[in-house]
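**Q** Chains A and B supply the protein sequences, listed in that same order. Per full-length UniProt numbering, numbering through the first sequence is continuous, rising by one, with the last residue being 133. Per full-length UniProt numbering, numbering through the second sequence is continuous, rising by one, with the last residue being 297.
Please keep in mind that the hints were generated in silico from the structure rather than gathered at the bench. Possibly wrong hints are sitting among the right ones.
[To be verified] Lysine-lysine pairs mimicking DSS-like chemistry, simulated, CA-CA at most 27 Å apart:
hint, chain 1, residue 1, chain 2, residue 2
1, B, Lys160, B, Lys117
2, A, Lys96, A, Lys129
3, B, Lys117, B, Lys68
4, B, Lys104, B, Lys117
5, A, Lys113, B, Lys232
6, A, Lys113, B, Lys160
7, A, Lys96, B, Lys160
8, B, Lys117, B, Lys77
9, B, Lys160, B, Lys232
10, B, Lys232, B, Lys117
11, B, Lys285, B, Lys5
12, B, Lys123, B, Lys232
13, B, Lys269, B, Lys22
14, B, Lys269, B, Lys5
15, A, Lys96, B, Lys232
16, B, Lys68, A, Lys113
17, A, Lys128, B, Lys232
18, B, Lys114, B, Lys77
[Claimed, not checked] Quick list of the computed label-pair ranges, beta carbon to beta carbon:
hint, chain 1, residue 1, chain 2, residue 2, range
19, A, Glu126, B, Lys160, 23 to 33 Å
20, B, Gly89, A, Lys96, 30 to 40 Å
21, B, Pro148, A, Ile86, 24 to 34 Å
22, B, Ser259, A, Pro91, 51 to 61 Å
23, A, Pro85, B, Ser259, 40 to 50 Å
24, B, Arg181, A, His5, 24 to 34 Å
25, A, Glu87, B, Gly89, 41 to 51 Å
Glycine included, C-beta positions come from ideal geometry on N, C-alpha and C.
Residue-level listing of the chains:
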Amino acid sequence: MATFHFDFVGPERTLYSGEVQAVQLPGTEGEMTVLPKHAPVLTTLKVGVITVTETSGSGKRIYVQGGFADIGPDSVIVLAERAAPIEEVNPAMLDKEIEQTELDRDATTDLAKREQLNAHIVQLQEAKKVLDF
Amino acid sequence: MPSLKDLRNRITSVKSTQKITKAMQMVAAAKLRRAQNAAEAGRPYADKMAATLGNLAGNLVGGVGAPKLLSGSGADKTHLLVVCTADRGLCGAFNSSIARLAAKHARELQGQGKTVKIFTVGKKGYDLLRRQFRSEIIENIDIRGTRPVDYDFASEIAEKIIARFDAGEFDVATLFYSAFRSVISQIPTAQQLIPAELPSAEGENSATGAASNAAMEFEPSEEAILTTLLPKNLAVQVYKALLENAASEQGARMSAMDSATRNAGEMIKKQTQIYNRTRQAMITKELIEIISGAEAL
Chain A
1 MATFHFDFVG
11 PERTLYSGEV
21 QAVQLPGTEG
31 EMTVLPKHAP
41 VLTTLKVGVI
51 TVTETSGSGK
61 RIYVQGGFAD
71 IGPDSVIVLA
81 ERAAPIEEVN
91 PAMLDKEIEQ
101 TELDRDATTD
111 LAKREQLNAH
121 IVQLQEAKKV
131 LDF
Chain B
1 MPSLKDLRNR
11 ITSVKSTQKI
21 TKAMQMVAAA
31 KLRRAQNAAE
41 AGRPYADKMA
51 ATLGNLAGNL
61 VGGVGAPKLL
71 SGSGADKTHL
81 LVVCTADRGL
91 CGAFNSSIAR
101 LAAKHARELQ
111 GQGKTVKIFT
121 VGKKGYDLLR
131 RQFRSEIIEN
141 IDIRGTRPVD
151 YDFASEIAEK
161 IIARFDAGEF
171 DVATLFYSAF
181 RSVISQIPTA
191 QQLIPAELPS
201 AEGENSATGA
211 ASNAAMEFEP
221 SEEAILTTLL
231 PKNLAVQVYK
241 ALLENAASEQ
251 GARMSAMDSA
261 TRNAGEMIKK
271 QTQIYNRTRQ
281 AMITKELIEI
291 ISGAEAL
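Isolated chain B, as found in the complex (with noise of 0.2 Å):
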């Protein structure tokens, strides 16, 4: 039976326990607006890129000429799995369901005898992966220097990429995110980078469109805008990546401590029961002791 003071004790260190996971839901409602926000701005330049890189790949497809960003290396043997997550926990499953998706991935790759390289963006996803794929990690960059996201972040990790794919270190990649719906539901997503996977030639947003297209002009040429464009598609798709994820990082917070902030507030009036319960307890035993002294005099 716990003493009053240990009770009293237990209930204040819940209280303050819950004032913390308060502000941080608040914090975290705060920047998901935030995040929402940026992902919004950045949501036209994403759309406008792949209409125009969808008309434009679209007789490339396939072709001798065409860049190897797009059409692969011709081989599927080594495959780079970019992992983004965030460089915090305290966010509920988000950072764990997104190394569990990519942890699955690289483990049925390897079964189908592939050789698998893992690169890890943001903290946890390093520190959850590094335990089962001690030697298949090549890289790991921390977000938290750069907050919030930018683009030249984004940009920075899709050189690295390049580089590496340039230098024949693996013939697949494929970015693993979770994908922002709503406060509530965040979905881990893998998404395949190299070669691009281009959205179908409609060109609704393209200021030229798809049915134009035999008549377009290029300049300098088709093949040396593509050659361009590609790497700076890679950059838009990471920093996407990254939005989203920024989104559903501080999503995940919110809900996750919403519900610490509700089971704090239930354990404080159980505890504070059982306080007023011991309480009332010791009182009456006192009572009792008294009278029944009284009563043998």
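If we strip away everything but chain A, and leave its shape as in the complex, we get (with noise of 0.2 Å):
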């Protein structure tokens, strides 16, 4: 089974490279899967999940918060803002996420602002949904 390079990096550390066989990317316009040999795309991403396929079949799924994706024939890099490993996520810290935006929201008065933090919120509780809290 033919692989690509998968790089993963955050602001303060990288936080996965290697050999891979698909990546499940959360991108703005829909869900995608990479397979090797894409055609290349640069997508923004939205609060989601990457489902990443490694060599030996195993799967590992990284929670991510906006961020882009590079993706060519033979790699694909992803910089995140945030991002952790699906374990370190728990229902409590995406509420507070939410509660948060939401404040923030109530306390702008700038439009265009508003409607970008109302996003962020469907887009955190849509996470919420596939995480199936």
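Both chains come to you apart, so use the hints to assemble them.
**A** Structure below.
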């Protein structure tokens, strides 16, 4: 089975790097699965879960909160501002995040910003569903 | 001529100072290692971000639709200087060399008839610049609360800068920090933030590479990606500068404290010699007095 290189990089450290068979990404325009020899695409990510299929066939799930994926034929790079292995994520954390965003939304009078924060809340709630909490 | 007691006091005081400088040196060495590790860990993100951005922006530069963060506001009148320094002193010329570079730039810009605004990060930079540029400083953030430097802090600063830019408060932003070369060498550096200075679109680190640029697809759209990527890039640049600064600060402190410890050692040696000589002279003097007293009888 063909493989490609997958790098998952956070601003403070590299979170994952290695050869993989497939990566499933939560793109803003919809979920997508990347296999080797994918056409070059640059996409933004929403809040969600990245599923990595490693060479051994075993899977690995990483929670990601926004970022970018730079997809090429033989490598994929994901730049994420905030991310954590799925085991470290818990519903309380997400709830707190949602609550905080709602507070921010209510505090602002800027309409565009409001819209943006609203979208973020929807994404967080979706992510919560995906993680089935 | 100082008395023996004075000399003894002076020696003890220098000795305790030496102990402090030595401890500070060791603490700085440990912190330096941590700061260097953090800088190393943050490098891949910054590199890949720069590669992706360079790749992406290559065909947009100069275009009509290019975001303002990339192309600038079109004017060159008001400059914002973002000066990053440490919160603490006792680290040699670290803070003052950054402040001096920033002040030099500010004077030059003022000489060209441009308006200068200053945004200081770190207490020392503010202290050093506020005497000369009281009215120019528009904001000051201390680092003290957020130690060690993390990405959230950097993106907070970046957001503030962008908010001011969007409000039309300045046209060009320049970041001042100290680049870490080695323990004994830190170079105060000026880096332009807005309009963004981009690496050439070599795209070595980019997955897609420059060659396949034409065939690249974008989701949602090229402009939309660029407008979200640019503020992030700004945060990354600030974060990188803060990390470099943290390493430089500890490096500068380490070498400053090393020489302070050595100077204290030298001083102790000299003072001990004077002390011993004085003591010897007093004994001799007393002996002479006793002997001549006995002879007179």
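**Q** Looking back at the numbered hints, which does the structure fail to meet, lowest number first?
**A** none
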